[in-house]
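Take the sequences, apply the hints, and build the full model.
Residue-level listing of the chains:
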Amino acid sequence: MNSLDVVGPQLAVLVAAGLVLLLDSLVPQQRRLLPVVALLGLIVSALWTTSWVGRGDYQFLFDGTLALDKYSVFFYYVFAGITATVVLASIDWVNREGRGQGEYYALVLTVCSGLMFLAASRDLITIFLALELSSIPQYILAGWGKDSKSSEAGLKYLLLGAIASSLLLYGMALIYGITGTTLLPEIAAAIKADGETYRGLLIVATILLIAGFGFKMAVVPFQMWVPDVYQGAPTPVAAFLSVGSKAAAFAVVIRIFFEGLDADFLSDDWSMIFAVLAAASMTLGNVMAIVQTDIKRMLGYSSVAQAGNFMIGLAAISVAGNEFTLGASAILLFVAAYAFTNLGAFVGVIAISQRIGSDQIKDYAGMWKRSPVLALAVAFCLISLTGIPPTVGFWAKLYIFNAGIRADLVWLVLIGVLNSVVAGYYYLSVARQMFMGDAEEDKKFRASPSITMALGAATIGVIVFGIIPMPLMSAAQDAAEIFAR
Amino acid sequence: MLFLEAAPASAPTIDEAILWAIMLCPLVAWGLIAIYVRKIPVAAGYLAILGVGAACVLSYVTLFNVMDADGGIAIHSHEWFSAGDLVVNLGVRVDGLTAVMLVVVTTVAFLVQVYSTGYMQGDAGYGRYFAHMCLFTVSMLGLVLADNLFQMFIFWELVGLCSYLLIGFWFHKPSAAAAAKKAFIVTRIGDLGLLAALLLVWTRAGTFDVTAIQEWATSGEPEGYIVTLFALGLFAGAAGKSAQFPLHVWLPDAMEGPTPVSALIHAATMVAAGVYLVARFFPVFEASHDAAQFVAWIGAITALVAATIALVQTDVKRVLAYSTISQLGYMMLALGTFGYVAAIFHLFTHAFFKALLFLGSGSVNHATNTFDMRQMGGLKKYMPVTYWTFIIGSLSLAGIFPLAGFWSKDEILLDAWRHDRALWAIGLSVAFMTAFYMFRAIFLTFHGEYKGGQPVDHHDEDSHFHGDPAHPHESPWAMKGPLIVLSVPAIAAGWLAYDHLFKDFIEAALPHAESHGSTFEIGIAISSSVVAVAGIGAAWAVYMKRWVTSESIRATFAPFAIIFENKYYLDRIYEDLFVRTIFHRGWNALLQANDRYVVDGIVNGSGRLAREASSRLRVIQTGQVQSYGLGIVAGVIIIAVAVITANPL
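Line by line, the protein sequences are chains V and A.
Under numbering that gives the first Met the number 0, the residue at position 118 of the first sequence is numbered 117, and the numbers go up by one with no gaps.
Under numbering that gives the first Met the number 0, the residue at position 16 of the second sequence is numbered 15, and the numbers go up by one with no gaps.
By construction, these hints were calculated from the structure, which means they are not laboratory data.
All values derive from a computational prediction rather than experimental measurement.
Just so you know, not all the hints are guaranteed correct.
Stated by the list, open to error - Cross-link-like lysine-lysine pairs, in silico, DSSO-like; alpha carbons within 30 Å at most:
no. : chain 1 : residue 1 : chain 2 : residue 2
1   : A       : Lys172    : V       : Lys361
2   : A       : Lys566    : V       : Lys361
3   : V       : Lys368    : A       : Lys172
4   : A       : Lys544    : A       : Lys380
5   : V       : Lys368    : A       : Lys180
6   : A       : Lys544    : V       : Lys443
7   : A       : Lys566    : A       : Lys544
8   : A       : Lys172    : V       : Lys442
9   : A       : Lys566    : A       : Lys450
See below:
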């Protein structure tokens, strides 16, 4: 297998990005083909990924900096799916916005390739490059809207993202200084050999890494940008940020910490940091979400709370053999479940606010009468976000709580359970508005075809995997297998 | 003497598909109603009847099959989800207990659906009503059929949701919306206990399987206090759902829902789910005598408190609601005194006669447009069928020989007698009050002069009342029919006690089928009968003959009457202490502070920006970005300091 084959999925996406740009400038009258090309690129990428699954000869390439293993394959699928949904959800908005259509899709595809690289990297430098490859287009996308709120969001995201990146670089530099290498397995070996003498420095480096990635994950205390940026950025972009970059950040953090920094004398420290951050994120995110009146801000805070749920899986590292992978597989399942669920919720918001021209939760009243299918789909996504069966979000939450309990983090799981109750309050009150509230007008409407496709795919995923969770779960368990020891 | 060797129970041979089909029939009906025929009310009603009717037939098939197997247990389990060593199954379990519950749920549900086609006629939400009722039936059947605690919990929450939706069915009425919310929140408090029990059994036993949990609890492997905690957690959930003191306050308010809902959910089935849960895990309570003692006393207190409040209610539906609470207390009392059979037997008979009584009160409401007994009276001559069926239900509830309630209540009192005389005494006094308040209700409603009912308010858009309250009339056949049908089990269901039929049947569901008390004892039977007849006589003396006026009794026992009328001030305490003081003052103050200092700061900041639509540079000058950046750095420093302090280098 040659090295290009390994980066095939990323290349397919990047080539599609180039094609979109070319097409936009060469055949400007055929703009409606742009999203089709983008989707084709993503499909090719997914097919390429599938072609490996049968062969199963996973390996490391480019001097070990990129891994082709079940773990990266899992994320390739996730990112291709997320990006495809975002492209579908963007079509109406981009058409209406008019300008720079080719650039928009090209940027979205570039982000996707960056996220894919991030999931496969096992070298600090590659990780940093991949992170920037995915981040810089996101800064631009966040500021893509014409209104000042969007510009504000873009600039804010850029400036704070720069701070986070610099912290991350400091952390990486420290690790390189201590171990003399940037390759994760070599870092692990070096730390296990004589890292204990540098324990203090290593902890500082660990904290800096957590801060850098915590920014992308949107966990407390690195979450402050979230509501502003989600509210200001175009909604499809906010959806992308809330799912894509969060998932990628968790993907790479699992790799760094479980593969590079898993020395016994270190892992207790960082698993405790993660536990505390998880508790803080869940609690703060949920409490703040309750008082929101704008649904995008609410989803912003909710994504902070959800990041706390993810993080239970990071904290749940128990060194006892097989259970080591439980936390990792829990996060993977949560990533997939959250991708379906949160994208569904955001796409629903796009569909509704397109028609009613408002993001205020009170304006969602009576949606059930105006657009029953849409209301039902959004309700299912909200139920899944709360973690109530029969939705995929329920299994994800159960699995991650199970990982927590197995790692003796009963206190954290209790906080999680209590938080679920609080979360249920604000998620379900939106659902209640839709079903029981009185609409000010009762003109019926339907979502556009592309939105319907995106929302349909997400909702079907939420429900089908809610009833039959095993396939998704086995995939997550397989992917996490690489961390078994 | 002849000793009959009980035949060893074998596993029922019933096909697994039939068991799933019991759940599936109403589910399909629900789906069809929800998707297609919400707009065609008539079809919704018939679909619901068809779906539930099919489930009912299959339930009887199951019952006879299990009877053939002498109450043996059959479990069909499939792996649904596994994470590490946690395995969650999706399965059905059928045994005597399940079969009895299936039959109770589907029979009452079927009759109530038929009745509803008459009662809900013309309601704007007719289709929605039947959809909710179908979903409820599915959830309740799922709860009963589940072979593991986890699955039970899912359906447990689903029945709670349906209950919420149906109590608040007329959600335009503020009182209905408030009642729905109250029911949801109060039962949620109990459910926290159940959730804790779930977590406990998950961490300690590592399984959710009913049989495995029963074995785990009785094996002596876990420490005693763990078993007690688990049992108490289960009971907390059961107390919420079955309206046990002090969580009973939601049930009377739940009467805001349509009356058939009260009959099905808040009398016959869902409120009995708590009793079912405790019975399902009966061996756990046997293993923890402390927990059982607690259950018995809570049950007794509930029975007494509710019965005393029922004495002074003026709303016939509320009398029935408190009576339900009181009878549920009886069942818990029985479980706590290890009267497993007595509890389930009473659940079984109670479901029929209480559903009958509720439907009867609905029929009265259909004629008079009110539930207030002070506006009724003399309905006997207008509504003979309703009257006589109501009498049958009341006699059964009062425990008059040879009606159903007599046999089951007697078993409970016998178990209480054997266990603790104080509990028995409470039970006996409740029996007196039960007979009294039921016949007080009958005399006020059906005897004397008719007082005209509640005039129809034509400005009230939610009112779906069509008749003329001034000229009450008997209800249509859709409503009379179920009343007559339900009278049969209200009379005869108790005869299953004959030759230990019922006892042997459901005892086989327990892992160690030994005698769990209770047959028949003439002394107990006579004492309870005397007390019941005395209660009826007292009501007759006060409300028919007026030898003593109710006012003078009230004056004599004024302090008690005031306490009863104010429902022991529990609602007031909850309102003032929990809702107003702790919730509003405490929690809201916290949120407001958060609002004022944190959210408003941010929102005002960005809001100002939006208004001024200023240049990009302005954005940075507001100071927000700096403060956010500072926040990130501060976060790093705080974490570093915390880690290093907690864990010196």
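ask   = If you draw a straight line from the CA of A/Lys544 to the CA of A/Lys380, is it 30 Å or shorter?
value = It holds: about 19 Å lies between the C-alpha atoms, which stays within 30 Å.
inquiry  = Holds or violated: V/Lys368 and A/Lys172, Cα atoms, limit 30 Å.
reply    = Given pair V/Lys368, A/Lys172 holds - Cα atoms ~19 Å apart, limit 30 Å.
key: Restraint status (C-alpha distance of A/Lys172 to V/Lys361 at most 30 Å)   = Holds - the C-alpha atoms of V/Lys361 and A/Lys172 are around 20 Å apart, at most 30 Å.
ask   = Would the pair A/Lys566 and A/Lys450 pass a check requiring their Cα atoms to be no farther apart than 30 Å?
value = Status holds; Cα separation ~27 Å.
ask   = Is the straight-line distance between the alpha-carbon of A/Lys544 and that of V/Lys443 30 Å or less?
value = Judged against 30 Å, a Cα distance of about 63 Å means the pair is violated.
inquiry  = Would the hint linking V/Lys368 and A/Lys180 be met if the CA-CA limit is 30 Å?
reply    = Holds, at about 22 Å.
message = Between the alpha carbons of A/Lys566 and V/Lys361, is the straight-line distance 30 Å or under?
response = Judged against 30 Å, a Cα distance of about 37 Å means the pair is violated.
key: Hinted pair A/Lys566 and A/Lys544, Cα distance within 30 Å   = holds, 28 Å
query = Given the proposed pairing of A/Lys172 with V/Lys442, does the C-alpha separation stay at or below 30 Å?
reply = holds, 25 Å
Of the numbered hints stated above, those contradicted by the structure are hints 2, 6, listed in ascending order.
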